[in-house]
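Undergrad: As a plain string of letters, each chain reads:
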Amino acid sequence: MSASAIAEPGRRAGGAAETLRRLARSPALRVIGRRLLSAIPVLWGVTFLSYFILNALPGDAASALLGINATPAEVRAFSIKLGLNEPVWVRYGHWLGSALTGNLGTSAASPQSVASILGQRLPVTLELVVYALIIAFVVAVPLGVLCARWPSGVVDKLTAALSIASLSIAPYVLALVLVILFAVDLSVFPAIGFTPLTQSLAGNLRSTTLPSIVLALPLIGFYARFLRGDLVQQMQSEDYIVTARAKGVSEWRVLTRHALRNSFIGILTVIGLNLATLVGVTVIIESIFSLPGIGYELLNAISNRNIPVVEGIVLVFGVIVVLANLATDLLYGVLDPRIRRVRSRS
Amino acid sequence: MSVPAANVLILPAQEVRVAGAASRRLRWLRSVEIWVPAAFLLAMLFFCFIWPLVYTVPSPVHGSLIDNNLPLWSKGHILGTDTVGDDVMARILYGGQVSFEVAAAVQAIGLVIGGALGLVAAYVGGWLDAVLMRILDVFIAFPSLVLVLAIADGLGPTEMHVIWALSAFSIPAFARVARAAALQLRDRPFVVAARLSGTKTWRILLQHLAPNMLPQLLTFTLLGAGLTMILEGGLDFLGYGIPPPTASWGNMIAAGQSFISVSPRFVFVPSIFLFVTTLALNLLGDGLRARWDAR
Amino acid sequence: MTVLEGNSFAGAWPGLDPATDTDGAANMSYMDSIFGELFELTTGGKETGDLATGYSFSNGGKTISITLRQGVKFSDGTPFNAAAVVYNWQRDLTANCSCKPVFLQKTPPVIKATGPYSVSLTLTYVDAPFINALQGAVFNWIASPTAIKKMGEKAFALKPVGAGPFTVETDTPDNILVLKKNPHYWQQGLPYLSTLTFKPVASDEAALTALESGAGQAYEGMSTPQLVKAYKAKFQTTAEPSTSPYDIQLNTKIAPFSNLKARQAIYYATNTPLLDKSLFQDTYPVGQSFTAPAGLFYEQTVPGYLPYNLAKAKQLVNQLGGVSITLGTLNTPVALSVDEALANMWEAAGIKVKQTEYDLTGLIGAFETGKWQSMLQTAGAYDPGTGVGVGFRFSSTSPFTGVHDPKLDGMLAAAAATTNNATRKTDYDQAAAYIAQNSYGPFLFPIAGYNIAAKGVGGPGLTSPLPVTDVNPEILWQYVYNKNTSS
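Chains as they are written, first to last, in our numbering: chain A, 1 to 346; chain B, 1001 to 1295; chain C, 2001 to 2487.
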């Protein structure tokens, strides 16, 4: 059942054979196409695995909803009504079938549809992640450039030390410290809660700043070091840098105009890899700051055995990670020195 | 939670080679960068594992309720006692054992299983590589929380189950690093020569590839160990970590945060130990990598 | 005004239809605000009519008749009357929900409208605590039948319509609930608040920082003892009068607690006053029974209850050739620290203790398999005959009992089968003595939370104490005011 359901989109796409054939001629698109195709089993595996794991946990939605006073007969009747009496692979098949048509079902615990839950929760998590990336980027780029300008200088050494320190601090400890400092002692930011963008832009930014800083801090050190390394390497070895220098272009200009532009591709790759991590770390951050994101919802859904919601979230996680990996793999080729040389020659 | 190990995975080590007199000074500096954290870690291991054996340390559990909530520097309780009367220093030492054990076990499992997977995938290549990597992708794309919760809920939370749960992070991370390392080595002359001279595949894997990958994997182990300690505390925060009364640094922090504004020491004491130890692991890992990269 | 609700408890709500909200009891504040109550608890622990005006028992106590307030309208303009109550109650009885009302005997009750504003419910037995049991229960909340039919169950659960002091403005489950003053509310000039917002918060500590930063003006059920002082320094802090004591359930079906001596050893090894002093700064009244000061039929001491005696405990443990047990509890911070402290005390008496912590599902699972030895739990309620009352932990018909004693079952059934309060009191006293005599499980002290309010905010239940139902504080939101804003 599941295999044929997966094969279906491929078959449908076969109708546009001419388009495909034309696409097949472009090597880059072929890589993307191949990667997207290979992403399908990954996404399938992720949903399949979580469905069966959750199903294996003690307790199900019927007994959770009916509670402790229900008789076994009542639980059985309700299970049949919810379709829980069917074998797990049949239920998974149903889920997969409707998921492929874009219907993720209804939450087992509340009257909301999974799509509407995701619609409410996902923007919060994405906002956090994007905000954190912006903070990291804005701080890390100038820092990385300064480090690369004077390698082994004071800024460089300080950044190296701080970056290691930032990777060594537990995010939950950092969150507690920041809340005490900025929310309680200084009252600059609210300690908890989320103000939707639709309500107030300033309020929204204030409510997401502390959690975003917690997410961003390790990234700052990390990106700065990455950038510094990449820049230094370019400054030492790349032909066009040497050429530019020979032409009398100032060191700053070489660094910011020529080298930095090339390094951005590398940074983007790194961000792609971090995205999955960041979305994951938000589970803890969201629960500490009481932010209504998908991580927080995932925790609730798992403890309620709310399989439809867990599946929806797992699928979203999966799509994000797969897309990030795809982007990374594509850019990885670009990053590879040999490929870069080919590119700079052309 | 996902795989923060990916952070470390691609943290590049770019050391600038400086020629001449400066390099001698730098080499000395670099060895300081290695020996200081290494010595610190050894001291830490000694205090957590050996000290309680040779010196009488109060029990980390079943303290006297009458002596609860003693402040720092109390007589007989240098770091005070907690709300149920257990000695905080003892809990730090025994909790350190648990944190180290979890970190070491998770890394060892990752190194052996993930390392082997990555090595084989890279060397054999073809469909096996593709399939193994897709399976790893599933684990990386999978919110391990679901897995962790299933383990904690289905098997009951114990130290062993926490270790298995956290291995869901370390195995795919190690596999990726090992694969990348093996790919670089696969077409090196000495490997090609061995292959052409008819050496058996397992022998090439174990005798030619594995030893050459080891430095890279070992530094990754050190960096991952720090992360594992942090992650273990993350599980405690979500209520699925090491169950009390057993102490770990992570669960001490998680327990203390419920009244941090009144008694911050219950959070800060274990946090400091966790931070300094993770820092030492990261410094050592970073220092070693820099040294090996320079070679 | 914004009210914070702890995540682990009221901060999660699946939907607010009385017949489908599995968290209805925990969501009492929301439900009471939207639907009002047939009967509410008022000062001094009295059940008084809100949307109902009175009740009476007839037919030998088996029929309960309730008269309703006249002239009340649901916020959609449809009339609140006997037909609406009958519709709701019958719907509740067939609900697929843990919130479904439970009756001792299987024969379903007969529900009838005996007039435009009077309803009767007939059972096959006498259910004395019926009216008291309405607190936090599904029968207490009457929804607009027209709205349910018109909107459909799913939409209704997200924007329910009742006759309470507030109406739903926006509802995002587990996230934010904004209520607005009901312009058609039957009590003139009420409610005082024009907007009432509920938001979940991760923990007591997070709530403290949130209140300090002005993100909320009230917080329900603060229960971390270490934080009481910090809250008191900045806010109005009202201890909820407690009705449910902590008790240690002993599984008398399996070893070692099938043996009376092992149970006695636990009694002797438990120094409850010290526990109260070292963990809670002597905040709570140490008790010996399933009742608590704010509940009905309270007695502080029980004849035959074994006091703390370490020597005797050690002696019994020796006689038994050592005792080793598991002690479980729900993984809440307070329960875990009481658990740890208990383990420390029992170890001092030579009892080997292994602690286990459960989430709710795990706890239910442990009771299903019956393989637990001792559990730290709460027992008791405002009326011992209701909810998580004494029967819940001690009657063999309950899935959560450790005791299977027909004699005790009989005593507890008798106490709930008479409408005469004096007789009920005698019955419960006897049951308490019987539990003590058999050492079926020691009681510690009732732990209740604190309700926190910012300066200038107040109202019954929030700043003046009302008894809690099970563990949920009753707050009469229609009377709550906030002097700091015009709203």
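These are computed hints drawn from the structure, not numbers from a lab.
You may find that some hints are simply not true.
Unchecked claim - Straight line, CA to CA, 30 Å or less: simulated DSS-like cross-link-like pairs of lysine-lysine:
hint : chain 1 : residue 1 : chain 2 : residue 2
1    : C       : K2229     : C       : K2073
2    : C       : K2149     : A       : K81
3    : C       : K2312     : C       : K2352
4    : A       : K81       : C       : K2106
Undergrad: Run every hint past the structure and note whether it holds.
TA: Outcome of the hint check:
1. C/K2229 / C/K2073: Violated, because 44 Å separates the two Cα atoms, which is more than 30 Å.
2. C/K2149 / A/K81: OK: C/K2149 and A/K81 at ~21 Å, within 30 Å.
3. C/K2312 / C/K2352: holds (16 Å)
4. A/K81 / C/K2106: Within the cut-off at roughly 22 Å; holds.
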